[in-house]
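K.L.:
As you go down the protein sequences, you meet chains A and B in turn. Each step along the first sequence adds one to the number in my numbering, with nothing skipped, and position 365 is 365. Each step along the second sequence adds one to the number in my numbering, with nothing skipped, and position 64 is 64.
A few of these clues could be false.
[What the hints assert, rightly or not] Using C-beta positions, here's what the derived DEER-type ranges look like:
no., chain 1, residue 1, chain 2, residue 2, range
1, A, N46, B, G79, 52 to 60 Å
2, A, V222, B, P56, 44 to 52 Å
3, A, V386, B, R34, 24 to 32 Å
4, B, E84, A, S337, 56 to 64 Å
[To be verified] With a straight-line cut-off of 16 Å between C-alpha atoms, the simulated EDC-like cross-links for lysine to aspartate or glutamate are:
no., chain 1, residue 1, chain 2, residue 2
5, A, K230, A, E304
6, B, K11, A, E215
7, A, K307, A, E363
8, A, K3, A, E219
9, B, K11, A, E219
10, A, K307, A, E254
11, A, K3, A, E254
12, B, K76, B, D63
13, B, K11, A, D225
14, B, K42, B, E21
15, A, K199, B, E21
16, A, K195, A, E23
Honestly, the hints are just simulated from the structure, not real lab data. Glycine included, each C-beta is placed from N, C-alpha and C at the ideal position.
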Amino acid sequence: MSKRVGIEVSIAIAEAVGLARAEVIPAYPITPQTHIVEHLSEMVANGELDAEFVPVESEHAAMSCCCGSCAAGARTFTSSSSQGLSLMSEILYIPSTMRLPIVMVVANRALSAPISIWNDHQDIMVQRDIGWIQTFAENGQEAVDLTIHAFRVAEDRNVSLPMIVNIDGFTLSHVIEPIELPDQEEVDKFLPPFKPRYKLDPRRPISMGPVGIPEVYTEAKVAHDMAMKKAKRYILKAWDEFEKVFGRKYNPVESYRTEDAEVLLVTMGSISETAMTAVDAMRDAGQKVGLLRIRLWRPFPGQEFRKAVGKAKVLAVVDRCLPPGALCGPVGAELRSLFYKIPGSPKIFSFVAGLGGRDVTVERFEEMVDKARAYAKKRPRELYEVIGVREK
Amino acid sequence: MANSDAIVGWKTITFGCHILEPGNAANFRTGDWRSQRPVVDKEKCIKCGMCWVFCPDMAYSQDEDGYFVVDLEYCKGCGICAHECPKDAITMVPEEG
Numbered sequence: 001m002s003k004r005v006g007i008e009v010s011i012a013i014a015e016a017v018g019l020a021r022a023e024v025i026p027a028y029p030i031t032p033q034t035h036i037v038e039h040l041s042e043m044v045a046n047g048e049l050d051a052e053f054v055p056v057e058s059e060h061a062a063m064s065c066c067c068g069s070c071a072a073g074a075r076t077f078t079s080s081s082s083q084g085l086s087l088m089s090e091i092l093y094i095p096s097t098m099r100l101p102i103v104m105v106v107a108n109r110a111l112s113a114p115i116s117i118w119n120d121h122q123d124i125m126v127q128r129d130i131g132w133i134q135t136f137a138e139n140g141q142e143a144v145d146l147t148i149h150a151f152r153v154a155e156d157r158n159v160s161l162p163m164i165v166n167i168d169g170f171t172l173s174h175v176i177e178p179i180e181l182p183d184q185e186e187v188d189k190f191l192p193p194f195k196p197r198y199k200l201d202p203r204r205p206i207s208m209g210p211v212g213i214p215e216v217y218t219e220a221k222v223a224h225d226m227a228m229k230k231a232k233r234y235i236l237k238a239w240d241e242f243e244k245v246f247g248r249k250y251n252p253v254e255s256y257r258t259e260d261a262e263v264l265l266v267t268m269g270s271i272s273e274t275a276m277t278a279v280d281a282m283r284d285a286g287q288k289v290g291l292l293r294i295r296l297w298r299p300f301p302g303q304e305f306r307k308a309v310g311k312a313k314v315l316a317v318v319d320r321c322l323p324p325g326a327l328c329g330p331v332g333a334e335l336r337s338l339f340y341k342i343p344g345s346p347k348i349f350s351f352v353a354g355l356g357g358r359d360v361t362v363e364r365f366e367e368m369v370d371k372a373r374a375y376a377k378k379r380p381r382e383l384y385e386v387i388g389v390r391e392k
Numbered sequence: 001m002a003n004s005d006a007i008v009g010w011k012t013i014t015f016g017c018h019i020l021e022p023g024n025a026a027n028f029r030t031g032d033w034r035s036q037r038p039v040v041d042k043e044k045c046i047k048c049g050m051c052w053v054f055c056p057d058m059a060y061s062q063d064e065d066g067y068f069v070v071d072l073e074y075c076k077g078c079g080i081c082a083h084e085c086p087k088d089a090i091t092m093v094p095e096e097g
């Protein structure tokens, strides 16, 4: 039977990776991801996990090593954050089009400058288009569950794509939460051994990663895009099976008190829990407000999101990323595309909040809802607004 | 310039763009972009085979008389053979046109 324990979320994720029987873990430490790989290295050193821990010299090397081990047919895990994730960037586009199902947990953190070790989503938004499946966890239990789910989805032969589980740095990675750690038998039941369609094997030689001449490159990229689109079905299927084994149900978009709601907050990650408190307070005050939380970010679950919005008239989207010079943040832009010229679609406003570790409080969520409601009547000059920014 | 028309469909391209047939470079004219070609002076050649040893594309083979000849389908004109030849029997000559 699974056991419920008080445990730091990073340690719990490492335990989940162990329960998933990862075989190769090339990793480089960086705040706030360090505890995950530190604990994994301990598990390997103590003989608790039969895996190869590769203490590489950089994140660039970590991802390169992941590509090699995964291509050789080993279940491969790594983890990174912020500047480290950026250093991987050159390699990140490679395993996805090459269909190598590496699993990575990203403890989301701001990017320099100024130097910040604290949480926001700028690091992962830089890597938005790397062609990996991406989910966002809200709490520690979900971080553990999504990590196990990621191996199952990524390695499914119908998918064969690398997958990132995003967890908010510190607010998730460093807190101690009550978490139900599944037992080995359950995980084994849910997660079969990794059997790739192709692997590097001297007995049956193939070449991976050749040149894609102009006559081929577009088709290779379209094949990748189509694989991403097709993956959604298997992501959902794996969540259904996860529920059967572990009893916890996950959806690509999570709705909270959205029935008859006029205004919906839209969030990703751990701030959603504060947003729920804010929704409760506003509902108590008689306001028709609800919350949508995006769990599956890539491939984007457009159909599910549209359905979840229902008849709501206004979306107050929280972007934890400020792309200078852009029309609005990435989540806002995504949703604007989704609803463009669709009759009866909601008015969408993007609020940039929670940059570099700044807390987003209940009051801030209430402010966003009020502003979105006002902007629906009188269109503002900009498509986004930075919340809680001080001028002088 | 390369031809921009597709030579394979996204549905038919190999999984992950892998090359599933080992050694298939032999099926392609890999010497097309050569700007110079090696010319062997048989008067100087001692049939030692250093060109054959060093050629990175395995473009050299031995003919009936024991001389080493280059296959221009695969020779990229790198000049390593000319550089290594102990008798300076190989001269790199610019390709015309």
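K.L.:
Broken hints, numbered, in rising order?
P.N.:
Violated: hints 2, 3, 7, 8, 11, 12, 14.
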